[in-house]
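With these hints in hand, go ahead and build the complete structure from the sequences.
Number of protein chains: 2
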Amino acid sequence: MTSTDLTPGDLSSALNREQAEAELFELLRIPSVSADPSHKEDLVRAAEFLRVKLESLGFTARVDETGGHPAVYAEHLKAPGKPTVLLYGHYDVQPEAPLEEWVTPPFEPTVRDGRIYARGSTDDKGQAYAHVRGVELLQTQGELPVNIKFLLEGEEEIGSPSIVPYLQAHREELQADVIVISDGSRFAADVPTITYGVRGLSYVEIHVQGANRDLHSGSYGGAAPNPINALCEIIARLKDDHGRVTIPGFYDGIEELTGEEREMWASLPQDDDAFAQSIGVSALPGEDGYSVLERLWGRPTLDVNGIWGGYQGEGSKTVIAAKAGAKVSMRLVPGQDPDRITRLIQEYVPTIAPAGVTVEVRALHGGQPIKFDTSSTYVKAADRALERVYGKPAVFARTGGSIPIVASFAEILKSPVLFVDMGLNEDAPHSPNESFALADYHNGILTSAYLLEELGK
Amino acid sequence: MTSTDLTPGDLSSALNREQAEAELFELLRIPSVSADPSHKEDLVRAAEFLRVKLESLGFTARVDETGGHPAVYAEHLKAPGKPTVLLYGHYDVQPEAPLEEWVTPPFEPTVRDGRIYARGSTDDKGQAYAHVRGVELLQTQGELPVNIKFLLEGEEEIGSPSIVPYLQAHREELQADVIVISDGSRFAADVPTITYGVRGLSYVEIHVQGANRDLHSGSYGGAAPNPINALCEIIARLKDDHGRVTIPGFYDGIEELTGEEREMWASLPQDDDAFAQSIGVSALPGEDGYSVLERLWGRPTLDVNGIWGGYQGEGSKTVIAAKAGAKVSMRLVPGQDPDRITRLIQEYVPTIAPAGVTVEVRALHGGQPIKFDTSSTYVKAADRALERVYGKPAVFARTGGSIPIVASFAEILKSPVLFVDMGLNEDAPHSPNESFALADYHNGILTSAYLLEELGK
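Chains as they are written, first to last, in the UniProt record's numbering: chain C, 1 to 457; chain R, 1 to 457.
By construction, these hints were calculated from the structure, which means they are not laboratory data. Any given hint could turn out to be false.
A pair counts as met if it fits within one copy or between any two copies, since identical chains are not told apart.
[Stated by the list, open to error] Here are the simulated EDC-like cross-link-like pairs (lysine to aspartate or glutamate), alpha carbons at most 20 Å apart as the crow flies:
(1) K82 x E260
(2) K323 x E101
(3) K457 x D383
(4) K40 x E314
(5) K53 x E360
(6) K40 x E65
(7) K53 x E75
(8) K392 x E255
(9) K323 x E426
(10) K323 x E100
(11) K78 x D177
(12) K323 x E96
(13) K380 x D177
(14) K371 x E256
(15) K323 x D339
(16) K392 x E55
Remember, predicted model here, so these are calculated numbers, not experimental data.
See the structure below:
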């Protein structure tokens with residue numbers, strides 16, 4: 001039979017779940033934390049692991065230097081006249097901190113209640129590897145019905161600093177009719193989701209300097225500038241009582257949500273109380289005048305991601321610190337340019353700094369907000385593939401996350417991008433005890449196989 | 001000759017500077033950090049060192065268990081009919097952090113430009129040991145002219161938690177006509193100073209809890225409460241734009257400064273610009289309507305001594321932390337009760353916490369503010385002793401620091417306390433590169449000897 005005769009279930013019977021899990025676990029055991037230079041070699045190991053696997057599937061595969069962590073490129077171009085699909089993912093992971101909160105070690109994958117617990121299990125090793133296994137699954141049915149290219153990078157969690165020059169250098173080689181990315185969350189466990197928008201990001205560090213040394217808070221308290229108090233004032237002034245960011249010009253040019261979008265999202269099975277309960281909070285504060293989903297998907301935010309200063313040890317040290325700092329990130333929506341927003345906060349912070357301290361706002365990284373056309377043939381193919389797996393049509397959602405690479409794809413490769421997310425928010429990406437449901441992993445493999453098939457029709 | 005014939009200089013010729021320095025250095029090499037449990041044994045070693053030295057001077061000396069770090073008690077009571085002087089000091093030191101800012105190791109005393117650089121050099125090992133050497137110096141002139149008791153504790157830097165029960169248990173034994181404490185700073189290098197007031201202290205930790213786990217700032221930013229932003233808002237709200245603490249009732253009952261005090265302080269050679277330059281800042285912010293000295297000595301303050309939350313490592317982790325915390329201390333003035341102030345902030349913080357987070361304010365420790373009578377015979381004796389060393393009369397100042405023990409002395413032992421400070425603010429106590437001028441150490445030894453002599457007259 002030919003793959004086009006396939007009906008739902010045909011391929012699921014061909015899944016080799018045990019092997020698929022064993023291989024993913026091997027990848028998850030490699031602590032490829034891109035933010036931590038001490039893990040440099042682990043990123044190389046993870047890249048090598050993927051190259052070897054893709055070669056075993058008949059791909060021409062290599063590990064490319066990028067100046068930073070390496071990128072894995074592989075191609076299988078044996079379907080003349082058929083579309084070319086570029087499958088993008090990343091094999092690097094977030095830092096594991098705080099380590100003490102993990103129930104089982106972050107780099108020793110463990111299955112509990114049908115979930116794989118490990119750093120990177122859902123973000124993004126599990127989802128990226130589902131495509132590798134999806135290709136392998138489809139190969140059990142004969143020749144691949146499309147041309148396939150893999151690009152698996154090692155710097156997504158630090159903002160893909162090397163990917164732009166890489167894309168530019170390999171523009172021709174990376175040409176594709178569509179780029180498929182699986183690096184996010186579906187709306188809910190039983191809801192197949194096509195994501196048509198991502199928020200952008202501006203991530204900065206604020207550094208505040210007071211005196212030229214730590215001071216005794218008794219001898220100097222009342223006259224010496226306190227950089228920690230000053231930093232707190234600055235951060236408090238970045239938002240008003242309505243949850244709006246106060247940086248002048250921050251909201252200029254934003255694409256307001258359409259009535260259609262607001263209706264579509266309002267119709268989704270979203271339970272704010274259950275959402276609040278799932279993270280153990282009594283309220284979901286945010287910008288006035290917007291629903292929770294609208295704030296998560298369609299509105300910009302400002303969050304402090306880390307703060308430090310002074311004495312953090314045991315006991316009570318009576319010191320006025322010389323300096324303090326904070327990591328601050330802003331999620332952006334269509335109409336906001338990350339570079340411009342970064343410049344705006346760099347200009348604004350010094351104007352709200354209290355007397356006696358000096359401030360510096362360092363740009364760490366950024367990403368463009370994106371929205372896609374939901375009527376393309378690729379979106380329709382994805383919709384069919386998901387329906388074959390889940391037995392129901394997909395919902396169209398946006399995501400609050402940021403995937404800076406997407407903007408670069410649009411700009412440099414000029415190819416349309418398709419998000420086929422396999423994870424869930426409750427997978428807790430970036431948190432201790434990150435996990436990925438076994439069912440979602442195997443459905444992801446099926447989704448990948450069906451999608452490649454549908455794209456080949 | 002008898003010691004009463006002494007004139008300035010007589011004893012200085014009898015100083016054995018080399019030996020005095022060698023012995024202090026040995027004490028400074030012991031990392032007796034009371035806030036850090038891992039240094040427990042070092043505190044015992046420091047106590048032993050002092051006991052052995054005092055025995056060598058003919059004292060009956062012992063190291064007493066206190067439930068916390070031990071206390072050294074020694075007595076030399078061979079001057080019948082003469083007053084009894086209790087010399088109090090502490091052999092514990094502040095934590096050395098941030099270690100990387102020390103030019104030379106904190107526990108390897110090093111002399112540069114006539115200064116001893118080491119943690120504890122001025123606070124308080126150097127000043128406490130000056131009294132030990134002062135006694136030894138006076139002994140070169142014959143029998144001691146007063147009865148002397150030493151109490152050297154090991155918990156001053158953590159708020160002397162064990163000293164109150166200790167004083168109560170040894171009330172009789174510790175009886176004295178006057179208690180002498182040298183644990184602070186003179187007004188300036190060439191200005192002998194008698195300190196007649198200390199600020200009190202209320203030291204708390206604020207803990208803010210948001211979600212039950214760290215969250216991805218993309219997936220949750222805009223709806224999840226952010227405990228770091230919340231903590232910053234809380235801290236910013238603790239002070240108003242006039243530098244006044246906003247806690248309701250905070251200023252109730254404060255003893256306002258007298259016109260006499262404000263005049264006396266205004267007449268001191270205080271150069272605010274030089275003061276700002278000495279700590280490398282462009283402004284000296286504080287409570288409106290008061291001079292720098294008034295703010296430092298006579299007005300309460302609120303300073304954050306440490307803050308933490310979220311990701312503090314390299315790179316840009318996009319996380320919303322589950323919790324954040326800060327150490328906050330308030331310096332208090334006569335009329336403010338530490339327990340009451342602690343209760344007030346514990347009641348106030350929850351009322352200013354943003355929605356969605358839970359807060360807890362933990363009391364760490366406190367100390368009573370104090371003011372002494374400046375017309376006592378003991379103050380006059382100290383004035384004469386200082387004039388013999390410096391050739392000029394002392395100025396009367398207060399200090400911004402807190403010595404909780406002082407209130408306990410007043411309450412439990414009912415003895416007047418005399419502050420004879422030997423250090424300087426530029427010694428940078430509690431900071432990296434803490435130091436103590438060799439000249440101040442040796443003048444301190446002389447001051448101690450002359451003071452004991454004057455008290456014996």
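request  = Could you tell me which of the hints above the structure violates, numbers in ascending order?
outcome  = 1, 5, 8, 15 and 16
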